[in-house]
Structure formats: structure tokens, C-alpha cells
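Q: These protein sequence lines map, in sequence, to chains A and B. Here the first sequence is numbered in our numbering, starting from 68 and rising by one per residue. Here the second sequence is numbered in our numbering, starting from 68 and rising by one per residue.
Note that these hints are calculated values from the structure, not bench results. Since the structure is predicted, the reported quantities are computational estimates derived from the model, not experimental observations. Treat the hints with care, since some could be wrong.
Intra- or inter-copy, both count: the list cannot distinguish identical chains.
[What the hints assert, rightly or not] Each computed DSSO-like pair below joins lysine-lysine, with the alpha-carbon atoms no more than 27 Å apart:
#1 Lys-152 x Lys-563
#2 Lys-312 x Lys-238
#3 Lys-453 x Lys-289
#4 Lys-379 x Lys-152
#5 Lys-312 x Lys-443
#6 Lys-93 x Lys-453
Number of protein chains: 2
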Amino acid sequence: MYKDNSTEEIDRVMQTAWRAFHQYRKLPLSSRAAFMRAIAVELENCGDELIRVAMTETNLPETRLRSERGRTIFQLNSYAAACEKGEWLEARIDTAIPDKVPPKPDIRKMLVPLGPVVVFGASNFPFAYSTAGGDTACALAAGCPVIVKAHPAHTDTSTIVAAAILTAADKCKMPRGIFAHVYGAGFETGKALVLHPHTKALGFTGSYTGGKQLFDWGSQRKEPIPVFAEMGSTNPVFLLPERLKSDVAGIATLYAGSINLGVGQFCTKPGILIGLEGNDLQTFVHDLGKAVSQVNPAPMLHAGIVQAFKEKKGTALLQEGVHLVAESELWQSHSETLPKLSGIPTLATTSAKTFLANPILHQEVFGPYAIVIQCKDINEMTEVAKQLEGQLTATLMATENDIRDNEALVEAIHNICGRIILNGVPTGVEVCLSMHHGGPFPATTDGRFSSVGADGIKRFARPIAFQNWSNTLLPDELKNENPLGIWRTVNNELSKDSLDL
Amino acid sequence: MYKDNSTEEIDRVMQTAWRAFHQYRKLPLSSRAAFMRAIAVELENCGDELIRVAMTETNLPETRLRSERGRTIFQLNSYAAACEKGEWLEARIDTAIPDKVPPKPDIRKMLVPLGPVVVFGASNFPFAYSTAGGDTACALAAGCPVIVKAHPAHTDTSTIVAAAILTAADKCKMPRGIFAHVYGAGFETGKALVLHPHTKALGFTGSYTGGKQLFDWGSQRKEPIPVFAEMGSTNPVFLLPERLKSDVAGIATLYAGSINLGVGQFCTKPGILIGLEGNDLQTFVHDLGKAVSQVNPAPMLHAGIVQAFKEKKGTALLQEGVHLVAESELWQSHSETLPKLSGIPTLATTSAKTFLANPILHQEVFGPYAIVIQCKDINEMTEVAKQLEGQLTATLMATENDIRDNEALVEAIHNICGRIILNGVPTGVEVCLSMHHGGPFPATTDGRFSSVGADGIKRFARPIAFQNWSNTLLPDELKNENPLGIWRTVNNELSKDSLDL
């Protein structure tokens, strides 16, 4: 239906984005924020039609899509507020000391945009991490034009959202080229976008294979560029003994919900649960299995996702030492009425020894599947934590005693994750400044940055220092009188004051 | 004299560093700062012997080395102060909103260290950007153990400084492995360090070839790691017409000094000066050439540097359309008494047309050499700015009128550099928070970070978010009562207050 854009077309898009960059970057923060808020309004204006199209393309239910659009609008508005507030600029001023030997010049620093940013959206978040999603909002806040490659699994949805963004750009009199929407089902379009010399950064949410390929292309360019790929995670959950004993049934219910939320199609789905061998864990596995067996299978995002789920789950279950605990019984009894593309909720278990020896079991199975790892003792649990790859999240189900008594374990868990949850579930990523959605490789390609929360703006900016500039020639952000009223670090002290020079 | 460490030895060093990491990261900020200050004291304690050895190894004069040691001590002390002050931690707190649907959990975020950092020092800064230099100080402040590969050109100096660091570590009861010093004249040691799985980041200051190789190794690891390579720059200086006319002789004198400072061996040496054809520029070239001809040749750092200088300068001068303006006459008349390894101050000139067509002329010539580019008009000067590669610095010699009348030029200059100087010289890099010593590739491999100033600490850290942790279990930095008294962003507002929860 949509023809892939040719390399020549990509070049024209990037040239236009490059020209737009030099106009957009000079606009005041308030204009960027106004543009972002206008996009939020246009998203709302897309009305029911957008929800209907997204439902058709993604199999996601209406309530979920409505709330995801709400989240996307919230992101645009809250990052717009952060953009205007200007703390992300990291404005720093050191005033001159002419008497010093040699004289110390006046130096002032702030973040400026990198340049055009290419965004590859997520299949599982058709709004919040796609066309007008978090990466786009962060890049626009930073002062960067955005080029979105429509996700092949929800191209119509993406096209409607892109039109909304362009309407907002028009209403806000943004420079032509501030936003572009391109199509590419094959890898050539993506590659051309990454390799184009005017592309200065990349945002991606999706699989390890896709993200790592983009990272490699980005790093191997003549001029390497930052690639922020969020590539998923198994989100290990450590069940500590005192806490587990206190509420086996409650924790099983909680986790049956989290594992199967949205048909397990969240990058924060808990895929690995680690406990200590014994009666409590046995009861837990039994209870969790029973709960999983009562979860209704539901259609997954698209045929490719179902296929991958079946294959990865199948491979995991075939590994020696892995035991199937439960599959949804609602599937077994009603297979003839099962909706097309359904993902069957499944729970497996194995020993820590088997897990430690078999890297296949460390891989994410995207969908409603989890495996319980049974450890002989806390040392073995610590060994599992040490051997796990980088994760978006890790969760401790633990009492204060559990935490205090197992310092080495807690330390090892800290070391592998971007967010550490105590007595909760990893699903549900709050959009706020303190959120970190990122983690050591391979959870992301750069664990130093977050793709959720306004700190994500910093992914697309770099500092520039102005030395010995007269006040009138400085950008407003750095002027003596602090006309924007932003926080700045002046001679090593945070302040909103104007400078009396 | 020093045997290269074997791959097995490197492995042992990295294993020890990894163990030290897990102890060091948990120490309070005040202990890290105390260790850094102790290193500063031990550096001072090295006394005249360190200066004497460094003079022998680097050919740098005594006054320069004494002041560089002072700078290194200042760096350690000022980054220690920044470490304790804790603003670099980017502490963020969002308190719970239990009534929200779904309930909003308590989330708190701060930066934590990446892990062991490998530092490759600079030949031109045997103290300030070597063994106990900026990268080491930043990594220690961030909470990372440091492994320094001794620079082959000043191994004795590095060995003395390493011993001072180990003495300080001992006095401060730091974990064994917090610092290690290894030797490797060949590339194998460096490669083994970069590829070791326990290496989590890299700091480097040196040539493009060296830095880019390290970046490639770092990016192509199974687990890619951040590589901060500062790879030099030509530091273009744009001579705008009104400013040049006002003080041709003064600017020529100023730049003769900057080009030849430290025998041109600074990564901020101005290597390219760009002006508009005409009488003023002609006079400037004449005056600058005259001044250069009166600069005494002086010995460069080592034989490899002199050789590279001669070759690169020779190649540049051989390019069609390039004219030699002046060489030091003090060499021509006294060649028999010329110190060994001398770099001969040299000035060349060419047209913008020649410059734009020949990428060889864009390359840094490390040493006392500069070339004046003569442009037909401001448009051609803007074209030069647009075509220049990423730079650590760019300088505008300009009046306010010059700036206001040439927006496109100023815009293009902003876009290529990390620091933009008005009516000054790029040499002299102030150590302060507002300094940005970094710039778009190929000036550095990551223009988003600085290798000078306390913001450089952030190169070696990543955020971690704590969700739903009880106050007693949180790190001090994030506790309600704010026991460290640091700045934190609490529910979107910067504050030093304690939380009344």
C-alpha cells in the first residue's frame, strides 16, 4: 500500500531537515513547547478514527489504545513544560577573574541540539513510542527536526499521526522539514536514513537484532552518531525467602497479572522469576501456574510477533532441564474458537544450574511467557544475578531483613539494571523525571540515557561553551539578566538570580 | 625498560579492578573525595624529582611542568569538591501518588558508576591528561576504579605518578585494585584492555588514528562501551573584517603567541585562520609571518612527534596553491646549534578555493604551524565554516557589527564546535564547570561530553531508578532527610530541603 521511499527521496528529506534544523534550533524554548502542545491537540483531534485504525492494525483493545493516546499527549505536554523550564540545558556560568594569572575569561555553557533525529517506532506502542511518541517529543524539545520511519506493522496509524504533526507544524508556522514521515518495509530505507550525513542521532524501540544493527551502522559511519536503541529485557524478579513466605498466593496473583498484561507485550514484562528451592517456591510455582492456566489467550500485535513468540517459547521449552508448568487451559478447551494470532499464556521452570549453563534461557521471549528459576541457596541466586545480561529493570520481592541479610545479591542486582523495584511489578513505566527507562547493554545500546521522562531530551543535545562573549550577543539562556528565569549554575552555585556585572 | 603486560596479566588486573569496583562504589562521596585529595598531596610530595624526570622524558620546560602539576592538583581538588557536592548525581525524586489511577509509585533516581575505566594518557600533558589527570580524577569521582596504560613517551613519569596514587590509596585504605598501572608500547596491551569484559568505559587523549581505533574496538565489542577519545582539532579562527581592520598588528602578535605556545603542541592550537582577501589580511599575513619568523624553535615532545610534524607540514606545503609565508629565521641562521627534535615555527597561506577542494589541508598539523585561508567574500568564508569537520574550538575575531551582519556564518561556526571564543585565543583551557572541552566528531568520539571540568564526571556514570524503596534502604543521596544536603529535583522542583513524608 505504501511504497518504500527511495534513497534519493531520503536524501531530499534529510536535506530539507538539515535546513529546518538551522531555523528551528534558533527558535525560543517557548516556540518549541508551543509546537509540542499543538501536536498533542491535533492527536486528540484525530478522534475515534485514529483509535479505530490502530485497533485494526495492532489488535490492541480500545481502552488500552485510548489510554496510550492519553499517555502520548501527557508526554508531549510534560516534555514541553520541561523544555521551557530549561533545567535540561545545564546552563553554567563562570564569570571572569581578570586579576588571575593568567586572567580567567568569562565562560558560559548550555546544551544545544545535535541535528536531525531519525526515529524508528515500536510495534507494541503505536502511539507512545512511535510517530509522535517519546523519542519524537524529546528530539523536538531538544531543538532537533525529526524524521520518522513508519512502523511496517501500523503504517496507517503512523500516517494519521504524521498528518496530525504536520498540521500542528503548519499552525505553528514551523520551518518546512521540521518533521518528515517516510516508508520502508525493507531494511534499505532504514539503512539510508542511518547512513545519511545529515542524520545526527537515532531513536529506536524494538528487538535486539534490529537495534544492534542500527547501532552498528551508526557507529561505523564516517562520522559516528549516537544510537539509542531500547531492545527489551527479561526483567528478572528475585523472590527472597522471608517475603515469599509471607504471601505466596498474593505474589503469584500479582505476577500472573504482570506477566500477561497486554498479552505479555511489554519490554518490562517479567520474564524470569528467581527463587529458592523449597516448599514456598513449590507452592508459588503451583499457584502462579494455576493462575496462568486461567488467563484468556488474546491476539498479539501481528503475525510476525506471534510467530516469534511461538518459536522462542518452543525453543526454551525444548531445552534440557526445562519443565512446562502450565499453559492457558482456556486455549486447550476452546481451541476452535481461539482468536487468530493468539498468544497462549505459558509458565515454565528450571533449576539455576540449568539456567546458568544455557544462554538460550537468558533470552527474552516477547509475549505471555515466564520461567521460574529454582536456586539451591542464596549464593546460587547471586550467581544468577551476576551472570544475567543488562536489564531495563530488576525487581526484589523482599522484606527489609531479606535486603539486609543479602548484601552481595542486592549489589549484583544493582549492577545489571536501570530500574530496581522493591515489592512491585516492573510493568507500568511512570512518565516522570525520576524514571529511568534504560539499562546496561543489551537492554539498551547506551544505559547512560533514558527513553522515558524529560531527561530523555538530553539524548539529543550536546554542550557548547561561549568564551568571552558580550552579554548582548549571548543566547537568552545565558544572559546576565536571566530573562527566561531558568536555574543556572553560576560560579558553582545553582541560582535563578540575574547577574549583577 | 618496562616490559609490556601480557594478556594474562591484564586479565588479572581487570579481575582485581572489578572486585574493587563493588567495594569502591559503595563508599560515600566524602571518601572518594578524600582519596582524590590524598592523590593531590602525594603528587606534591613527589617534589622536584618528578619534574626532573618529566623534563627529561618530554622536553617540556621546568616552569611549564611545575604549572601543569599545579593544574593537575587543582583538578583533583576541584573535582573532589564537585564529587562531594553531588550535583553531578542528578538526584531526582518523585513521591508516590497512591490515589492516582493506576497509583503512582515513589521513584528516585541518581547516577551510579559504570565500572572499571581504562585511561590512555596524552603525550603533551604528562600530568594533567595522563596518569593522575582529568580522566582519572573524573572516573574516581564517579566511583570507578582506574587502570592507566603508561604513555610510552613518558613511562618513568607515569610510573612515579602511579606510585603516588597507590600511596594515597594505601593511606586512604582504598580497596586493592582501585588503581592499576600497566605497560604496553605495542597495540596488543591497549586492545586487551579495551576488549576485556570488565572494562566499562575508556578515556583517551591523542591522535585521530589512535582514538578512532579505540572507539572502533569499543563499539564492536560484544558489549559495546563508551569511548571518550579527544582527538585534536585545527581550531579555526575567523577574522571578521571590521575587527581585523581595527587592530591588524595586535591580532598578529596575539596569534603568533597562541600558535607557538608550547611549541604548538596543544590540541587547542589555532591551526587555520580564515580572513577576507584584501589589504588588511595581506598586512595581517605579513605581520604574523614576521612574528613567526622571530619565534625560537624549541624541542618537541619526542622523536615521533617531530617526525609527524615534519611530514604533515611538508605534505601541506607541497599541496598545489599553498604558499609558505615564513619559517623561523632563528633556525635558518643557527641550524648547527639547533636543539635536537626542534619544531620549526611555520606559517603558510592559500585561497579558500584551494582549501575547500583539498581535504588534506583540513587535517591537524600538530606543532608550531598554521595556515591562513583567504576568502573572496563572506559567503566563501561561510562555505569554509560549513565544510570544516567537528572542532574542539572555533574563534571569532569580530566586532558586534561583524557578528550581527553575518548571521549565517556565525550559525555555521556554532554548528561545528564545542567552544566558541570571541576575541581571544583558543589555547588555555580553563578548568571550571562551564568549560566544554569536547566537540563534534572527529574532534572527539562523543561531543556530548567534556574531558575538562567537573561535568566530565558524568562520562563514567549512568542513572539507576529506585521504585518503591523504603527510606531506610535508599542510598543517602536519595533519603527523605537529605543527609548529604545536596541539590535534588523533588517533584519537578530543585531543592535542598528534606522531604516531610
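Q: I want to check one pair: Lys-152 and Lys-563. Are their C-alpha atoms no more than 27 Å apart within a copy, between two copies, both, or neither?
A: Answer is both; intra-copy 11 Å and inter-copy 18 Å each pass.
Q: Between Lys-312 and Lys-443, at a C-alpha cutoff of 27 Å, which is it: within one copy, between copies, both, or neither?
A: This pair counts as within: shortest intra-copy Cα distance 16 Å, inter-copy 82 Å.
Q: Is it within, between, both or neither when you check Lys-93 against Lys-453 at 27 Å Cα-Cα?
A: between (47 Å within a copy, 17 Å between copies)
Q: How do Lys-379 and Lys-152 come out at 27 Å by Cα distance, when the copy is not named: within, between, both, or neither?
A: Neither: 45 Å inside a copy, 48 Å across copies.
Q: At 27 Å max between alpha carbons, let me know whether Lys-453 reaches Lys-289 within a copy, between copies, both or neither.
A: Close across copies (17 Å), not inside one copy (36 Å); limit 27 Å.
Q: With identical chains treated as interchangeable, where does the CA-CA distance between Lys-312 and Lys-238 reach 27 Å or less: within a copy, between copies, both, or neither?
A: neither (59 Å within a copy, 46 Å between copies)
The structure does not agree with the numbered hints 2, 4 stated previously, though it agrees with the rest.
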